[in-house]
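Those protein sequences? They're chains X and U, same order as listed. For the first sequence, the numbering used here begins at 1 and goes up steadily by one. For the second sequence, the numbering used here begins at 1 and goes up steadily by one.
Quick caveat, the hints were computed from the structure, so don't treat them as lab data. Check before you lean on any hint, since a few could be wrong.
[Unchecked claim] Between beta-carbon pairs, the in silico distance windows are: (1) VAL355(U) / CYS17(X): 36 to 44 Å; (2) ILE176(X) / GLY100(U): 49 to 57 Å; (3) ASN183(U) / TYR93(X): 31 to 39 Å; (4) VAL5(X) / GLY371(U): 51 to 59 Å; (5) LYS265(U) / MET47(X): 28 to 36 Å; (6) LEU341(U) / GLN70(X): 55 to 63 Å; (7) LEU79(X) / MET262(U): 17 to 25 Å; (8) ALA59(U) / PRO27(X): 29 to 37 Å.
Since the model is a prediction, treat every value here as computed from it, not as a measurement. The beta-carbon is built from N, C-alpha and C at its ideal position, and this holds for glycine as well.
One letter stands for each residue in the lines below.
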Amino acid sequence: MKREVPIIITFLTGFLCVIAFFIPHPPLGDLQQRFLVWYAIVYGFTMVLGLDSLLKYNVKKITQRKEGWQYSYVLLFGLALVLVTGFQSWLKYGTPFELRSSFMYCYIHIIVPLQATMFALLAFFISSAAYRAFRARTFEATLLLVAAAIVMLGRVPIGKMIWSEIPVVSDWLLNIPQLAAKRGIQIGVYLGGVVMSLRIILGIERTYLT
Amino acid sequence: MLQSIVILGLLAQPPANVIAYDTPNDEGSSITLMWERSPADSGDAILFRGYEIYRSESATGEFKSVGFVPAGATRFDDGNSEIQDGKEYYYIVRSVTDSGFEDSAVVGPVASGAQWFNSQRVNVLAIALLVSLLVIYYIRRAHAGGRLFVRKIAGLDAIEDAVGRSTEMGRPILYSFGLSYLNEVWTLASLSILYRVAQKCGEYSTRLLVPHYDPLVMSAAQETVKQAYTETGRPDLYDERDNPFLTADQFGYAAGVDGMMMREKPGAVFWQGYFYAESLILAETGHSVGAIQIAGTTSVEQIPFFVAACDYTLIGEEMYAASCYLRPEPQMLGSLKGEDLTKAMIIVFLLCGAVLGTLGILSEHFFDYRGLSVLFERIVQWFNTF
Chain X
1 MKREVPIIIT FLTGFLCVIA FFIPHPPLGD LQQRFLVWYA IVYGFTMVLG
51 LDSLLKYNVK KITQRKEGWQ YSYVLLFGLA LVLVTGFQSW LKYGTPFELR
101 SSFMYCYIHI IVPLQATMFA LLAFFISSAA YRAFRARTFE ATLLLVAAAI
151 VMLGRVPIGK MIWSEIPVVS DWLLNIPQLA AKRGIQIGVY LGGVVMSLRI
201 ILGIERTYLT
Chain U
1 MLQSIVILGL LAQPPANVIA YDTPNDEGSS ITLMWERSPA DSGDAILFRG
51 YEIYRSESAT GEFKSVGFVP AGATRFDDGN SEIQDGKEYY YIVRSVTDSG
101 FEDSAVVGPV ASGAQWFNSQ RVNVLAIALL VSLLVIYYIR RAHAGGRLFV
151 RKIAGLDAIE DAVGRSTEMG RPILYSFGLS YLNEVWTLAS LSILYRVAQK
201 CGEYSTRLLV PHYDPLVMSA AQETVKQAYT ETGRPDLYDE RDNPFLTADQ
251 FGYAAGVDGM MMREKPGAVF WQGYFYAESL ILAETGHSVG AIQIAGTTSV
301 EQIPFFVAAC DYTLIGEEMY AASCYLRPEP QMLGSLKGED LTKAMIIVFL
351 LCGAVLGTLG ILSEHFFDYR GLSVLFERIV QWFNTF
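Take these sequences, add in the hints, and give me the full structure.
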């Protein structure tokens, strides 16, 4: 019964969602939205589990003096700071999202710059990955290098100055071979998703039940 | 009745041929109005403001404004919780200019209702039925003992090597779902890969780290790892704190996983799930610590980054095929076969479409015959209706 009940629930839920996609009449019409609301409620409760996990992980690091344990103090301090400023702003303004609030001050002046810093690192990582990918060691890598060079030159004014047709070739590369490959992969992804869903609904795929 | 007022400036003329009908293929409580633009409406919102829609429960009763659409519009959906299915309503569409307004004739009565079938989705139903029947047919065939072949997937074959290499180096394994949520199909596909990785880790007594972005995925992954360890006879290896939740912030998660990699120096890293801009930040850090990396994602935009930075990449649908590949039972393989046949049919259909479209243009150009073009357009239209 431990395995049968979840399989029956999955089958009924999946089947109802499929049916509801084709039948707009109530009560089926908004069934998917209703399930998503349930999901959001469950998700809200699991954030408590997440918080518990985060605390356990960092407390363990501190108590066992694992490498970088000092940063766990920074994390715990940040967690407490966001919670305290959130509640304080809520009490003072009725919402923590008031722009003058201490919570939003932390968000705008600490979290946003930190996110931007991480995102900016991407530029360096692209360079190092491109260096490895574009080394012309094989025919395919050489082809990739030539295509990438044309596409990059086609995006900047100097490309047109070198040869007026470079932007045209660049657009052709992007719109024909690149798009064809992308759509080919996408068709496979969508079909794979449909078949995987079918396996789950029919109870053939049961890995999620472990 | 409403009155018309004309002051100075552009003369407000009413819209013509106003029709009101029950909005098709919906769950009720919605009436659609369509009209031809007023002669004064040139689409310029400065000269002609737009159309105000009025509704009443009787042709001679009081009309109440229910919406406004700008100049150029010829349609309004009165989807409102006030509308009761089966009850009759009357409408007026008013042209509004700076200098005045002019009302259309009263239209109605019209009543809304819910439909039992969305006729615009017939195409989806037909394709879904075809795919389902093919898959079910091959599942039954495989179950009856038919022999099915599955090609090698290098990324999945490399799992054992990657775990073995980590074990020899005395380093842990890191597994990430990326920014996946539990209600997404690729997360379930990733769980089956995690199960195999955890089994191997259990066999080799290697530590497995799984940092999380979503607490629901964390709960499912914890259970999966625990079960895999138990099945390999090593339940003692399981530590909940090796499956921590980090944050639900994209770059915060990337920073957390990067930090974990720099400190723990994993010997093998698995990126299996859905990734966005953080994919390369993660994969390049993995490369910098010397880990063997096996990626898998259905995010078409991130596949090139993983191909550039990782040793193996499961491209798109290969990720969905992973559970069949790792657990090659007849029913699982049968579903793969059905999927492949559907794909072959799509390819044939695309080729036929390309030939038909080309012939249509050629016949129109050289023989002035539009039959093939019209047929091609109808097929495209059928697929585009949704």
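Evaluated hints:
1. Between VAL355(U) and CYS17(X) the beta carbon distance is about 37 Å. The supplied range of 36 to 44 Å therefore holds.
2. Checked against the hint of 49 to 57 Å, the C-beta distance between ILE176(X) and GLY100(U) comes to roughly 55 Å, which is consistent with it.
3. A C-beta distance of roughly 33 Å is found between ASN183(U) and TYR93(X), which places it inside the suggested range of 31 to 39 Å.
4. Restraint check, VAL5(X) to GLY371(U): a C-beta distance of roughly 57 Å satisfies the suggested window 51 to 59 Å.
5. For the pair LYS265(U) and MET47(X), the supplied restraint of 28 to 36 Å holds, since their beta-carbon distance comes to about 31 Å.
6. The given range of 55 to 63 Å is respected by LEU341(U) and GLN70(X), whose C-beta atoms sit roughly 58 Å from each other.
7. For LEU79(X) and MET262(U), the hinted distance range of 17 to 25 Å is satisfied, since their beta carbons lie about 21 Å from each other.
8. Checking the proposed 29 to 37 Å range against ALA59(U) and PRO27(X) shows it holds: the Cβ atoms sit about 34 Å from each other.
Comparing the model with each earlier hint shows no violations; every hint is respected.
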